[in-house]
Amino acid sequence: MSQVLCQPVFQARTVARNRTPNQQGRDKRMAQTSPHVGIDVSKARLDVALYPESDRFCVDNTPEGWAELARRCGQIGAVRLGMEASGGYEHGVMHALQERGFSVHLLNAKRVRDFAKALGRLAKNDRIDAAVIAQFVAQIRTRPLPPRDHDRERLVATLRARRQFTEQLVALRHQANGRADPLLARLGKTIAASLQAAIRAIDARMAEIVRANPVMARRHQVLRSAPGVGPVLACTLIAELPELGTISRKRIGALVGVVPYDFDSGSMKGRRCIWGGRNAVRDVLYMAALVACRHNTRMREARANLDARGKPPKVALVAIMRKLLTTLNAMLRDGTPWNQPTAANPA
Numbered sequence: 000m001s002q003v004l005c006q007p008v009f010q011a012r013t014v015a016r017n018r019t020p021n022q023q024g025r026d027k028r029m030a031q032t033s034p035h036v037g038i039d040v041s042k043a044r045l046d047v048a049l050y051p052e053s054d055r056f057c058v059d060n061t062p063e064g065w066a067e068l069a070r071r072c073g074q075i076g077a078v079r080l081g082m083e084a085s086g087g088y089e090h091g092v093m094h095a096l097q098e099r100g101f102s103v104h105l106l107n108a109k110r111v112r113d114f115a116k117a118l119g120r121l122a123k124n125d126r127i128d129a130a131v132i133a134q135f136v137a138q139i140r141t142r143p144l145p146p147r148d149h150d151r152e153r154l155v156a157t158l159r160a161r162r163q164f165t166e167q168l169v170a171l172r173h174q175a176n177g178r179a180d181p182l183l184a185r186l187g188k189t190i191a192a193s194l195q196a197a198i199r200a201i202d203a204r205m206a207e208i209v210r211a212n213p214v215m216a217r218r219h220q221v222l223r224s225a226p227g228v229g230p231v232l233a234c235t236l237i238a239e240l241p242e243l244g245t246i247s248r249k250r251i252g253a254l255v256g257v258v259p260y261d262f263d264s265g266s267m268k269g270r271r272c273i274w275g276g277r278n279a280v281r282d283v284l285y286m287a288a289l290v291a292c293r294h295n296t297r298m299r300e301a302r303a304n305l306d307a308r309g310k311p312p313k314v315a316l317v318a319i320m321r322k323l324l325t326t327l328n329a330m331l332r333d334g335t336p337w338n339q340p341t342a343a344n345p346a
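The numbering of the sequence shown is numbering that gives the first Met the number 0, which starts it at 0 and goes up by one.
Mixed in with the good hints, there may be bad ones.
To be verified - FRET-style restraints, in silico, Cβ to Cβ:
| hint | residue 1 | residue 2 | range |
| --- | --- | --- | --- |
| 1 | G76 | I190 | 52 to 60 Å |
| 2 | T245 | R204 | 24 to 32 Å |
| 3 | D150 | S264 | 45 to 53 Å |
What the hints contain is simulated information worked out from the structure, not anything from laboratory work. Using N, Cα and C, we set each Cβ at its ideal position, and we do this for glycine too.
Take these sequences, add in the hints, and give me the full structure.
Printed below as a string of structure tokens:
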């Protein structure tokens, strides 16, 4: 079979004054009428649907299937391709399409499902999911995936392994007090020692990955300058929150899930609560906020002020998490290490 080269979705951008209104309007109409592609990912198969067309097809979730999908998307002039996170099964096709120049959007599965319910589509199977994803990327504004960063992917994988080992170690320690059999107690200590050694090895690998990448090393240096920010939080922010330093304080807070949302209706005023966000970042940020309240003068003063105003302890701690996050966002935005003026005004 002859290979069909796929044309990249994005072309060199020209300034607006060099384009006539008719040209700009034509481009917008083309973006609205060109097909959008929804891909439902499973371990062995990719179900593909087009929008606004109703065409559907399937390919294998293999390198050969990815090439076939890219070929067909190139032929129809697909604008945007969307897929949900699927436990890692999406990584291969996602990177294959990115490398061929397509605009790939990785979607939150809950948002897509809520979108389907809003459309009145209550049935759910792979074919329906692909069609809903295609309509979602056509009608809902989302950000395409950034260019692939191999070092960041390695750091993400290393951090996730660290979290798994840490959770196992915590569970093992919780179970230790209930073991009456000396053999089980001894085995538990042996396994715990092995997990601790594995975590130390992972920490060394994370430091190695960061040192080898100049951009990561600079970001790590800036983040570590803030009191209360340790190596785990710094690496987590670099790997799991690449948007840090590139978007506004409100958006970064919402992205992590430390912004309180209203819950009001008519005369009823509900309690504000945080919702959604990236759990992996928020969990580490929680521990960092506890440390910052003890060792970071600015955060300690902010916490004392919240306590004096009668804020509940967890509400106050979430506020410190948000303040610490927005301060780090400003530091990376400006490329400057920790200082009190930046901490006081994290615009």
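These are the hints, each one checked on the structure:
no. : hint                    : in the structure
1   : G76 - I190: 52 to 60 Å  : holds (56 Å)
2   : T245 - R204: 24 to 32 Å : holds (26 Å)
3   : D150 - S264: 45 to 53 Å : holds (47 Å)
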